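Visitor: Same order as they appear, the protein sequences are chains A and B. The opening residue of the first sequence carries number 0 in numbering that gives the first Met the number 0; numbering runs sequentially from there. The opening residue of the second sequence carries number 0 in numbering that gives the first Met the number 0; numbering runs sequentially from there.
Mixed in with the good hints, there may be bad ones.
Said to hold, decoys possible - In silico DMTMM-like cross-links for lysine to aspartate or glutamate, where the CA-CA straight-line distance does not exceed 20 Å: (1) B/Lys-99 <-> A/Glu-24; (2) B/Lys-270 <-> A/Glu-269; (3) A/Lys-172 <-> A/Asp-211; (4) B/Lys-296 <-> B/Glu-249; (5) A/Lys-270 <-> B/Glu-24; (6) A/Lys-328 <-> A/Glu-249; (7) A/Lys-99 <-> B/Glu-24.
As the list claims (entries may be wrong) - Stretches of chain A that chain B covers, calculated by requiring three or more beta carbons in the stretch to come under 8 Å of a beta carbon on chain B: (8) 45–52; (9) 81–90; (10) 258–266.
Since the hints were derived computationally from the structure, they do not count as laboratory data. On a predicted model such as this, the values are computed, not experimentally measured, just so you know. Glycine included, each C-beta is placed from N, C-alpha and C at the ideal position.
There are 2 protein chains.
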Amino acid sequence: MTSATYDVLAIGNAIVDILAHTNDEFLGAQGMSKGSMSLIDEARAAAIYGAMGPAIEISGGSAANTIVGAADFGARAAFVGKVKNDQLGAVFSHDIRAAKVAFETRAASDGPATACCYILVTPDGERTMNTYLGAAQNLHPDDIDPAQIAASSVTYLEGYLWDPKDAKDAFVKAASAAHAAGRSVALTLSDAFCVDRYRGEFLDLMRKRTVDIVFANEAELTSLYETKDFDGALAQFRKDVVTGVVTRSEKGCVVVSKDEVGAVPSFPVEKVVDTTGAGDLFASGFLFGVVRGFPMKKSAQLGALAAAEVIQHLGARPQTSLRTLAQAKGLLD
Amino acid sequence: MTSATYDVLAIGNAIVDILAHTNDEFLGAQGMSKGSMSLIDEARAAAIYGAMGPAIEISGGSAANTIVGAADFGARAAFVGKVKNDQLGAVFSHDIRAAKVAFETRAASDGPATACCYILVTPDGERTMNTYLGAAQNLHPDDIDPAQIAASSVTYLEGYLWDPKDAKDAFVKAASAAHAAGRSVALTLSDAFCVDRYRGEFLDLMRKRTVDIVFANEAELTSLYETKDFDGALAQFRKDVVTGVVTRSEKGCVVVSKDEVGAVPSFPVEKVVDTTGAGDLFASGFLFGVVRGFPMKKSAQLGALAAAEVIQHLGARPQTSLRTLAQAKGLLD
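The shape of chain A in the complex, shown without the other chains (with noise of 0.2 Å):
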């Protein structure tokens, strides 16, 4: 196996997050649910940019988020997701390459816009998202390319991707690509309604190691094996995944392999203005402590950092260093 020209890849939905302040009540007169994330078409999304308030335009989608915070820390990295050739887009290519992340996927010149998505932060910090996936649901198997992908450390993938079919194939040819050269794959589960439609598929992909690692919240690991039960869940995602990581909010995380349970606590915090990205950026500090080798415990701590940082402010990209913070946790040398 040759050296990796980057540590981690990412492929995902290139998404420009649409926020705004508001309150249950608007979210019970749209017939919202809170903290769900819906897809929407652009009917939908019209009818709900008219009636929410004033906004502000920051680049989002979940593994896009992942990979600014890696490379925040140090990773060298890479995204694949598809926008069209609009202010949107340009937008979401700015910002992710001004992060320093490589961002080569050819950009849709006809066809749905760039994906956005409407976020709507109540005064609790909780976050309601509804996406209008426009070109991103149009990235292709041939937007992958297998050399990349190969020279990558670890291939991170968003299930919310496995939703359109093309994209479906393009995650399929990313892995393979990924293990055919002795790569890591890591998942996210991203949704337990995004889990409540592909559960068998997503059992699939662990089951026969198509993934590595998997990122999971307590809803979406409980959805995965239709109980309640979160020990018993937890033991059947140990028997499934080679490493399993499950993010529990304020109650820290459990990092889960086949000889090891370890808990991890999350990081205080003042004030909670708004979890999007929380889960992201948690990934973002493990994957990071994955490809330098450090322990799982590690791992964990910097993914709880960084989940800290991304939720006392809006939006879901880091605003502080996090390989500064980390370092002042003691964290990274």
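Let chain A serve as the given structure and place chain B on it in line with the hints.
Guide: Chain B alone, transformed into the frame defined by chain A:
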């Protein structure tokens, strides 16, 4: 004079701000003068964007920020300015309407893109602006509806607009329509470099009473009278305007008229995050006080309060209800 439909109508450049944190070295390397506003062309815009870090997008524009703040205090508000019908134009239009400001100016269907302003914020909170005017500079006298102006108690204009020929004509048309209907006209001098380019014309606008209320900061005032003597400049200013308001950052402001000169202190803030919009939001509070018939001192206090809110976070639009803030301070019922 019939009763007004709008308390304040603002005319200005319709701009989306693209904000990034930076440092003094970057400003130096880019040849930018810290704290200033430079007009840039498309090529320079692309070069700056390519070099600057990850950014966030927030609707901006000086007079647009002011009118959003005035609406937030409770003013019936309208805005006139030019976007293109592109994605950033949709962002600007959404945000100003979502702030309950009437905005009916027809978007351009061809020509340059919606205006954007690359705002680089240094660790001291100072902002350095680079504005690509794009569609905004094509505001035309035909975009001014004299009936709408006549139905507005105060028409507020930004000095930045005093540059393209058509926009100047639009400006004069609006001022004439306002005065013909017995309404007031307010102007902000906008920027010291702007004053330097149009010193004679601005003095003419004041001395010929094309404008009644004039806002300036210290740098703009001393540039206007080509002196370093603040008190001397203030004395001349008092002769040249009906009402003059000079903002002095943390030193507060001075309001002058034929009959009175009064200083009002600034509101203390914990930490200055980003000074973008400080002057704009001062004008929001002051104009709201004027249209409510408040004494100058109270109007200036509302201005100071709004300025204090906006400099404590990124972006030039309020993130907290200014009306609620003012009520908490006992300035509004």
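Visitor: Okay, which hints does this one fail, numbers in order?
Guide: The structure breaks hints 5, 10; every other hint is satisfied.
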